[in-house]
Every structure is written in C-alpha cells, then in structure tokens.
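Quick note on numbering: the sequence shown equals residues 1 to 177 in my numbering.
The set of hints was computed from the structure by calculation and includes no laboratory data. Since the structure is predicted, the reported quantities are computational estimates derived from the model, not experimental observations. For every residue, glycine included, the Cβ atom is placed at its ideal position computed from N, Cα and C. Do not rely on the hints blindly, as some may be mistaken.
[Said to hold, decoys possible] Restraint-style ranges between C-beta atoms, simulated for each label pair: (1) LEU145 x HIS122: 29 to 35 Å; (2) GLY6 x ALA170: 47 to 53 Å; (3) TRP101 x GLY165: 27 to 33 Å; (4) ALA24 x PHE113: 18 to 24 Å.
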Amino acid sequence: MSGMPGAERIVQAMFGLALLTTVAGAILAVATRRIIRSVCGLALCCLGLAGLYYFLESPFLTLMEILIYIGAVCVTIVFAVMLAEPDELPPAESRRAARAWGATAAILGVLLFAGLSWLVRHHPWPSPPHRLRDGTLHDLGVALLTTYGFAFELISVVLVVAILGALLVARYGRTRP
1 MSGMPGAERI VQAMFGLALL TTVAGAILAV ATRRIIRSVC GLALCCLGLA GLYYFLESPF
61 LTLMEILIYI GAVCVTIVFA VMLAEPDELP PAESRRAARA WGATAAILGV LLFAGLSWLV
121 RHHPWPSPPH RLRDGTLHDL GVALLTTYGF AFELISVVLV VAILGALLVA RYGRTRP
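Construct all of the structure, not just a fragment, from the sequences and the given hints.
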C-alpha cells in the first residue's frame with residue numbers, strides 16, 4: 001500500500017469503523033430494554049464482526065457472518081418477536097422521538113452514502129497483490145468439505161438453534177407478569 005498516499009489512513013479508518021460498530025452494537029444489544037432494539041444491536045455487532053473478519057483476510061467467515069447471523073438469526077428473532085403478543089402501545093412522545101431518530105438516521109445514511117461514493121470515485125484504489133483463482137464448483141466443494149467444513153457445520157448448528165428458539169417464542173408467546 002505504500003504506492004498510494006493516504007491508503008494506510010483509509011484502511012485504519014475502516015478498521016476503526018468496524019471496531020466501533022462492533023462495540024456500539026454490543027452495547028446497544030445489552031443496554032436497551034426493548035427486544036427489537038437489542039436485536040438491532042446484535043445485527044450491528046455482527047456487521048462489525050464481519051468487517052473485522054474481512055481485515056483478518058477471511059472472506060468466507062465475513063460472508064457467513066453476514067448471511068447467517070444477520071440475514072438468518074436476527075431476522076428469525078425479529079419474526080418471533082413480531083409473532084408473539086405485543087406490549088401496550090407506546091405513548092405519543094416516544095412515537096415522536098422514534099420519528100426524530102428515524103429522520104436523523106436517514107440523513108446520516110444519505111450523508112454516509114454520499115461520502116463513500118465520493119471517496120470511491122475520486123481516489124485510485126491499488127490493484128490486488130495476487131490473482132485469485134476462479135472458483136469452480138469443484139473448488140467450492142473441496143473447500144467446504146476440507147478447509148471450511150467445521151466452520152460450515154458450526155454455523156448450521158447455530159442457525160438450527162436460532163430457528164428452534166424462534167419457533168418456541170412464536171408458539172408460546174411471552175409470559176406477562
């Protein structure tokens with residue numbers, strides 16, 4: 001990366017963003033009283049972990065973290081919560097606060113997208129140091145059954161446990177005090 005000035009700072013900033021996302025998501029997951037917000041914190045934490053896996057040069061675990069934990073586990077928990085009995089309706093003040101937070105999040109999302117788009121268009125990116133092999137079906141099968149076999153099976157067990165937990169919550173609902 002020495003051929004591109006400022007590239008190290010960009011990489012360090014992206015690593016810091018992944019680290020901050022992981023920590024902020026974990027804090028949100030355990031600090032809030034609402035289960036939906038906790039699930040959003042879990043998803044944010046998993047997204048940050050996926051970024052950290054990417055910095056560890058493990059694209060397989062990065063994609064599995066996104067697909068399995070965010071795309072399956074968090075979505076399954078959200079559906080289980082939505083199928084369970086709802087609590088009382090939130091007061092009008094919290095609905096106004098939710099709209100304000102939603103507007104703030106939308107504005108920040110647009111600004112982040114605009115900033116990243118500008119960065120991608122105006123800065124040259126270094127070419128990869130080595131050429132990756134084309135992934136044939138045979139190569140993928142060999143990798144899943146040898147190199148990544150244990151990780152793949154472990155992720156599938158976590159997914160089954162999450163689905164069973166979501167089914168239990170959806171079937172029996174939440175108990176009221």
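**Structure versus earlier hints, numbers of those that do not hold, lowest first** = 1
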